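If you read the sequences in order, they're chains D and A.
So the first sequence is residues 1223 to 1332, counted in my numbering.
So the second sequence is residues 344 to 462, counted in my numbering.
Simulated from the structure, these hints should not be mistaken for laboratory data.
The model shown is predicted, which means the values in this text are computed figures rather than measured ones.
Misleading hints may appear alongside valid ones.
Only part of the chain A face toward chain D is listed, based on derived beta-carbon distances under 7 Å [stated by the list, open to error]:
| no. | residue |
| --- | --- |
| 1 | Thr360 |
| 2 | Leu387 |
| 3 | Arg440 |
| 4 | Pro450 |
| 5 | Asp455 |
For every residue, glycine included, the Cβ atom is placed at its ideal position computed from N, Cα and C.
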Amino acid sequence: RKEVEQDPGPFNVPEGATVAFNCTYSNSASQSFFWYRQDCRKEPKLLMSVYSSGNEDGRFTAQLNRASQYISLLIRDSKLSDSATYLCVVDVGGYQKVTFGTGTKLQVIP
Amino acid sequence: GAVVSQHPSWVICKSGTSVKIECRSLDFQATTMFWYRQFPKQSLMLMATSNEGSKATYEQGVEKDKFLINHASLTLSTLTVTSAHPEDSSFYICSARDRGDRQVGQPQHFGDGTRLSIL
């Protein structure tokens, strides 16, 4: 089983739609979880950290399910500018190192 | 916010050339920096962890003699790709953690990346 698994997509959604991505991780000792966004040929940029109680930042909501070892990202009212690859990032059992998922590609269509 | 500067952003050179990439934390000190590599349509793969004042820790399968890492100060780490060949062409990205971020859950700060093309 891969350390971090994501559906590569692409997810093609119309503007205004709600879309959700899941990411599963294999290390039950992991403590830090993040969603990053990566635009084509650019470096990853932090979208949001994921907290145990779940957290929201505007149109974006992140959830953590430790029992099932997955995190999710919900994007409401999708904008064209949300088109990107979304990377799930999980620490390696509490150490500073992190592992990146392969990313889920989102394409928001006018 | 925390800024990491990576230089150069783009390199094209002949096979056999050695290429040095710099990663600087501009407004914070980083005892640890990370070097990643990303091939097209693949995820970022950690190559090595760079520790200030000590030897880097390389991931399995990464040749330490080919990818030389130096982390001589709290704000600068360098990656040198020695005798680069076309298969080394990739997107190299560094990241750093603020030494003041001692809590679990603090994200890494990424440089802009270096696109390396070996002809």
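Results of checking the hints against the structure:
1. The interface hint given for Thr360(A) is broken, as the beta carbon of that residue sits about 22 Å from the closest beta carbon of chain D, more than 7 Å.
2. At a threshold of 7 Å, the smallest CB-CB gap from Leu387(A) to chain D is about 4 Å, leaving the interface hint in force.
3. Interface hint at Arg440(A): satisfied, since its Cβ lies 6 Å from the closest Cβ of chain D, which is below the 7 Å cut-off.
4. With a least beta-carbon distance of about 5 Å to chain D, the hint placing Pro450(A) at the interface is held under the 7 Å criterion.
5. The beta carbon of Asp455(A) comes within 5 Å of a beta carbon in chain D, closer than 7 Å, and the hint placing it at the interface holds.
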